[in-house]
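Engineer: Whole structure, please, built from the sequences with the hints as guidance.
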Amino acid sequence: MSGFALRAIVLVVWLPMMVVLALLYMTLSPSPDQSQFDWMAFIATQGQPYYAGSFDMNWPGAMWLHEAGIRLFGVHAWTWRLTDFLMLAGYTAAGAAFLFRAGWRTAPIVFLFLYPPLYVTAGGWMAGQRDMYAAGFLLVACALAMPGRRWEFSAVFAAGVFVAAAVLVRPTFLTFIAGLILLEALPLKVPHPRSLSRIGRAIGFALGLAAGIGAAVMAGLMLGILDDWYQQSIEFSLLVYFGEPPQDWRVTLDTLFVRSWHWICFLALIGFGFWAWRDRFGYALVLTVGLAATSAVSFAVQNKGFGYHLAGVLPVLVLFAAVAFDGLDQWRRTSGSRAGSRAAVAALALIGLLAFAGTAKKLMTFETGLRLLLSGTIGPAADHGLTEAERREIVDTIKAGSSPDETVVVYGTNFDLAYRAERLPSHRFTNIVIDQADASFPYYDAWMAEIDASLAKTPPAYMIFDRSFLAGPTERPSPALQKRPVLNRLVDLIADGYVPVFSNETVVVYGKTG
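Per our numbering, the very first residue in the sequence shown carries number 2; after that it's consecutive.
Hints in this document: simulated from the structure, not taken from any laboratory. Heads up, a few of these hints could be off.
To be verified - Below, simulated DSS-like cross-link-like pairs (lysine-lysine); rule was C-alpha separation at most 30 Å, straight line:
| id | residue 1 | residue 2 |
| --- | --- | --- |
| 1 | K458 | K400 |
| 2 | K458 | K513 |
| 3 | K400 | K513 |
| 4 | K305 | K363 |
| 5 | K484 | K458 |
| 6 | K305 | K484 |
| 7 | K513 | K484 |
Every value quoted in this text rests on a predicted model; they were computed, and no experiment measured them.
Structural biologist: Here it is, written out as structure tokens:
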């Protein structure tokens with residue numbers, strides 16, 4: 002079969018699979034983090050830029066991507082899922098191209114069909130999270146960094162730009178550029194001769210990174226938000242947010258690698274063995290290991306213990322798993338004996354069955370989503386303490402009971418309600434981590450005064466609380482936690498003419514009377 006015919010067949014099968022996966026993925030409820038970025042992005046589309054108009058410690062890459070999704074598809078519960086899936090399609094193709102440039106022939110096809118379903122079934126707190134798609138940008142950088150292209154300087158420059166994109170999402174991924182430059186000083190085996198000198202490639206990587214970061218800085222200067230960014234992303238993160246990990250890292254490792262990714266890890270070990278045996282730690286293999294190392298370093302530096310902080314390991318595992326198929330297929334074709342060929346075929350069948358069964362089991366988590374699609378509904382299933390019907394009820398209540406120029410307050414993680422209602426916040430400190438600050442923080446007094454002034458100037462038409470932050474009866478609540486100055490202010494405000502308009506075990510919504 003010719004290469005063109007094979008590519009045509011792969012494309013004819015792959016595209017319908019991706020359409021089905023995209024529809025299923027759109028039924029996965031956005032995580033609270035993703036809903037927060039959705040709301041911040043909506044706020045930005047209304048002329049209130051990040052940091053100056055909404056508070057968060059993250060760098061702006063994620064927010065810009067969410068804003069791009071809203072500008073493309075509008076305000077919907079599924080907007081980010083579809084945006085993220087389109088990016089997934091791009092870096093899945095990049096991963097296949099990387100494997101092809103590394104000299105594998107079967108592995109690119111396996112990766113094309115294996116990575117997307119494993120990505121979308123990684124869970125609501127993994128799929129579409131910042132580390133996950135930042136690792137996708139690094140995967141594109143890997144494909145561009147492979148030597149031997151006709152326009153090699155342009156390729157390595159673009160690789161640096163994609164590293165910058167990853168850093169703007171997850172700054173702890175900055176170590177990857179150091180690895181790219183360091184590899185140019187090592188005598189590693191390359192599948193194709195370099196078209197550019199080693200020093201030229203290193204300069205290209207660095208210039209691409211500088212261009213990407215420089216463009217972001219220029220955008221910040223034009224928007225006038227660099228001071229706010231520095232106060233929130235640097236000073237607040239270092240002085241307030243960076244502390245004891247809320248989750249035990251050992252539990253995280255057990256959950257991911259032993260309970261969830263066990264069969265993927267098994268296939269990855271086989272693939273790593275084949276790759277190391279063939280290349281003896283050549284350029285492409287070291288680059289792949291470096292991608293995993295970048296994720297591991299990021300996980301350690303963030304010191305939170307969250308599983309999605311290791312999301313960058315998943316594409317590496319799938320790259321190696323794809324190579325396992327390629328290695329066994331090469332063994333089948335080159336074996337000098339019938340017994341060896343039969344053993345390779347048997348091994349291929351076994352790992353193929355393992356991959357099929359493992360992926361199918363993960364796809365079964367979309368059973369509810371499939372039922373929604375079959376009923377003609379495109380949107381998220383119930384999650385995070387509310388059914389979709391309850392979410393729509395709350396959103397409709399807010400839209401009907403307030404005008405577009407009125408504001409809301411969210412205290413907790415139900416940002417999607419304010420986002421889907423298309424309402425702006427009463428004050429910019431929309432992330433509850435603001436309540437971790439105390440009087441020792443340099444901007445504490447100024448920020449609390451700003452909140453007081455904002456609540457007085459634009460009192461919220463509705464206030465949305467996670468029930469866990471309120472104690473006592475819904476009609477006359479009290480703060481469930483002490484030393485929460487913003488929470489205390491909002492609870493005091495309830496007595497100023499607010500009544501509950503929705504309440505269940507996880508969420509309480511108050512509306513202003515009159």
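Engineer: Hint by hint, say whether it matches the structure.
Structural biologist: Here's how the hints hold up against the structure:
Proposed proximity of K458 and K400 is supported: the alpha carbons are some 21 Å apart, at most 30 Å. The straight-line distance between the Cα atoms of K458 and K513 is roughly 15 Å, inside the 30 Å bound, and the hint therefore holds. Among the hinted pairs, K400 with K513 is consistent with the structure: their alpha-carbon atoms are about 13 Å apart, no more than 30 Å. At roughly 26 Å between alpha-carbon atoms, K305 and K363 fall within 30 Å of each other, so this suggested pair holds.
For the hint pairing K484 with K458, the CA-to-CA distance comes to about 25 Å; that is within 30 Å, so the pair holds. Pair hint K305 plus K484 holds up; C-alpha atoms about 22 Å apart against a cutoff of 30 Å. A distance of roughly 26 Å separates the Cα atoms of K513 and K484; the hinted pair therefore holds under the 30 Å criterion.
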